[in-house]
Structure formats: C-alpha cells, structure tokens
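J.: Letter by letter, the chains look like this.
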Amino acid sequence: MRQLRYFLKETLLNLRGNKSTTLISMATIAFTMMLFGVFLLLYFNLDALVGSLQQEIKVILYLRDGLAEKERVDLEGKLRQGPGVSNVLYVSKAMALVNFRRSLEGQDILLKGLGDNPLPASFELTLEKAYQSSEAVQRLAQQFKGLNGVDDIQYGREWVDNVNTVLETVRVGSAVIGLILGLAAVVIIAGTIGLTVWSRLEDIEVLQLIGATRAYIQMPFLMEGALMGLIGGVFAVVLLRGVFELAKSRLADVGGFLGGQMNLMFLPMPWLLLFLAVGVGLGCTGSLLSIRRLL
Amino acid sequence: MIQLFHVYKSYGRHRAALEDITLRIEKGEFAWLTGPSGAGKSTLLKLLFGLEQPDAGQIVIQNRNVARLKESSLPQLRRSIGFIFQDFKLLQKKTVFDNVAVALQIAGASPTEIRRRVTEVLGSVGLDHKKEMLPSMLSAGEQQRVCVARSIVNHPMILLADEPTGNLDADLTTEIIELLKTINTKGTTMLVATHNREIVSRVPRRVIVLKEGRIAEGGG
Ligand SMILES: Nc1ncnc2c1ncn2[C@@H]1O[C@H](COP(=O)(O)OP(=O)(O)O)[C@@H](O)[C@H]1O
Ligand SMILES: [Mg+2]
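Just so you know, the protein sequences line up as chains W and H, in that order.
Residue 10 is where the first sequence starts when you use our numbering, and the numbers rise one by one after that.
Residue -7 is where the second sequence starts when you use our numbering, and the numbers rise one by one after that.
This is chain W alone, in the form it adopts within the complex:
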C-alpha cells in the first residue's frame, strides 16, 4: 500500500511529538503486560508440571492373599491384553516386604510388631500416554476392580485432582487479572492517543478540509496505538525473561520438591507471538476507543 509510508511517518511524528507521555504510557503497558505474563508463565509451568506428574501415574493392584499361581498368571495375561496398560510389574509378598524395609531404613523398630508378613503381593501397572488423565485412570481402575484376584486398587487420583484444581484456579485467576490489566492498558493507550489527537486537531481539520477520508485521518493514530502495544509487549517480554531467570535461580537455591522435580520453562515462541499480538490488539482497541470519541 502506497500510503503506508506516509502513515508510518505520521505515526512516528506523533510518537515523537508526545515523547514523555508516550514513554510513560509505554512503560506502564510494558509493566501491566509483564504482570500478565507472570501469570501466563505460572500457568504454563504448572500445566507442564501436571503433565509430567500424570506421566508418573501408576496403578497398583493389590492381590488377594493366597492367590494360586495359575490365577495370578491368568490375571497378568488379562492385564497385559487389556487397553491402556503398557507395562506390568509383579511384586511378590516377599519383595513388598523388602521394599517396605528399605523405605523405613533406620526405623526398624517400627517393624518389630509386624509379625508375619502382612503386605500383599501386587501388580504395578504403567499406563499408556493416552490413559494418563485422571478420568481415564479412574475408568481403568473401575474395570480392574472387577477382575478375579484383585483385592484393592491404589492410584494417585486425589493428588492429581488437587493439582488440577490449583491449575484451574490459576487459569481463572490469570483470566480475571489479565482482563483487568488489559482494560487498564486500553484505558492508558486511549488516554495517550487522546492527547496526540488533541495536539493535532488543527492538522486534522486541515485534512478534513482538503478531502481526506476518515480512514486516512484515523490510520496514523491507530498505528500509533498498535505500535505502543507492540513496543510495550516487547519490553514486557524482556522484563518477563528477567523475572523468569530470577525465579529460576531462586528455586535452584532453595532446591526441594519444585526445584528438584521440575525444569522451569519460559513461554515458547508461539505463546510469545500471541502475547505480542495481544499487545497490538490492546493498542488498537485503545486508540479506536479514543478516535471514535474524538474524530
């Protein structure tokens, strides 16, 4: 488009003409978007965490005591053939006790009153990827319950559900806060563009007098808003990266469950692009609001 160069020139002129206001509002936009980005980051990493936890979902089938060898082999065959199970590990009563002893190392005293081996034999099932959601696990568990020889079933459902609840809260929270921050950004941009329009009212009148269309007159202001959103967004990403690195090093220091278990991830490219697009969208919305009111 031929007039693009003209619009860009006008836009830059406007940005430079209101330097201090533009800078202040761009900084504010960068900061609000960064805050929003923190929530995105939180959500994104929690989501990844839940994903990795679900991969570790194991279903343990405890076997009835005194199960005959043949029955056990039958059951194992059924489990292997059934859908969703990728691996079956048999843990005998004796093996279970060994494992239990090992997990209580140094606290042997607790084992004193144990008497005869009370631990049941079990099958530890590893599930195929497609069956690792908490609903799928639940469904499988129901199926297994009916099998001959199965006494009890254990799986990490509650825990996964808890994390899912946290995730849902973060998701709703970031949506609400994002909405509020977005609204704030729109208002800030609208105000800034309003000032520019105000300072150029004389020129706008001249353009109207010589027959410029509305679109032609409005375009530089629209682009000004878009550019402010874009630049604010880029700065927000830079800030976000800083916050991210800081959080990562802190977590590494603290160690512990989160630090050890999870690898913090920054937003991947498509999310970053979406993030910038949101910035541009906010900018356009803000300036449209202002232009519609003033022109």
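There may be inaccurate statements among the hints.
[To be verified] Cut-off 25 Å, straight-line C-alpha distance, at most; resulting in silico cross-link-like pairs (SDA-like, lysine to any residue): (1) Lys86/H <-> Leu303/W; (2) Lys85/H <-> Glu19/W; (3) Lys38/H <-> Asp212/W.
Derived by calculation from the structure, the hints in this document are not laboratory data.
With chain W's structure known, arrange chain H with the ligands on it following the hints.
T.: Using the frame of chain W, we list chain H with the ligands on its own:
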C-alpha cells in the same frame, strides 16, 4: 457548472444567513462574490464545499446534487473542488512541498506522480526554491500561494476562494489576484468572495452582490 435553486440557510435560531438564493455559474467563468461583512458570502461557499448543509433548496455542482450529501461522500466532493482559505490552513509542521503533496496523497497518487505534479505547481506559483521550508518561515503572500498551489494541484474544475487576500497587503493582494486570473484562463471555474470593492473594480468580471443573505445584484 454550479447551480443553486432557492437555497436557504440559517444558523440555529439566528436570522437567516442566506435566503432564497438562486444562482448559476457557467463553466470557465470568473465571478466575484461580494457584499458587506456578514452578508453570507462565506456561508454560500461553505454550502458549495459541503462544510454546511442548506435548510432548503438544491445545489447542483457538475451535475451532482450536493445539497444533502452523506458524510462519507464529502471527501470526494472536496477533492473535486479547490478551496482557498483566508487563513491558508496549512500544516504548520510540514514543508511547503509536503503541504501541497498531501492533496495528492489523500487521493492515493504514486510518489513519482506526486513529485512531478507538486514540483510543477510550485513552479507555477513561484515557490520552487522554497519547497523545503516550513510555513512559519514564509511571508503571508507566500503562504497563500502554497494554499493556492495545494488547491489546484489535482486540477479541480472549480476553485472557490474565501477572502483570499484578506490577510495580505496591497502588493501581495495584486500578486494573488493575478495568480487566480491565470488559473482561470486555463479553464478553471472561479468564485471568489471578498468584501474589498477596490480589487473587484480592478478586475472587471461578473459581480454577485449579497446583502443580508439575499442576492442584490448579479444573480441569475
Ligand atoms: N457558525 C455560525 N454560527 C452562527 N452564526 C453564523 C455562523 N457563521 C456565520 N454566521 C452568521 O451568518 C451570517 C453570515 O455570515 P457569513 O456567511 O460569514 O458572512 P460573510 O462571509 O459575508 O461575512 C452572519 O450574520 C453571521 O453572524
Ligand atoms: Mg466571510
């Protein structure tokens, strides 16, 4: 070229600014629009240019009825008519060149086309050497010539001027009037409003006299 039929215009509840104006201006004509201050000269030009709308009556310009144009049709009308303002209406932060170029830009002309035509028209108003200057660096006469250049750069068939010499001294007035005469000889229809009887008598052309919103002389 320009026709008005029983046109009325009043501002709010004030006395009518124009009453029952019927007027016809031929293609290529040069007409003065004169009368005392407050007679309705500016109002008449504003109606032709779509800056105001008549309360009643019809206005036909180049076979198009412009009495009640939609807002979206106004840019088209204004691009087809040149208008010279008493206060020039220049873009203060733009060079002389850009001030003229913008009239072509809004119509979507190509950069080469713009360069060629702006250079040509600035030559014809004698401002070729000042094209990189800002309006504030120019004399009033030069600023008015920029305004004239902008109004004719896309070769409108009609040129309207509202007190084009109102802010100029005698010498510059003569200069601008000569420029308008030259433009008219190339075929542009011209309607020039002025309350200055002296310049009207110096350039004997058709004279339309308004008095208190009515045509006192030169109608038809
Ligand atoms: N925007 C306006 N609002 C109210 N009254 C106006 C306005 N413009 C002009 N008028 C009135 O209309 C009449 C004609 O004005 P105008 O066309 O400017 O006359 P002229 O150009 O001949 O001096 C005057 O009485 C003037 O006060
Ligand atoms: Mg007037």
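J.: Hint by hint, say whether it matches the structure.
T.: Outcome of the hint check:
1. Lys86/H <-> Leu303/W: Holds, at roughly 23 Å.
2. Lys85/H <-> Glu19/W: Given pair Lys85/H, Glu19/W holds - Cα atoms ~11 Å apart, limit 25 Å.
3. Lys38/H <-> Asp212/W: holds (19 Å)
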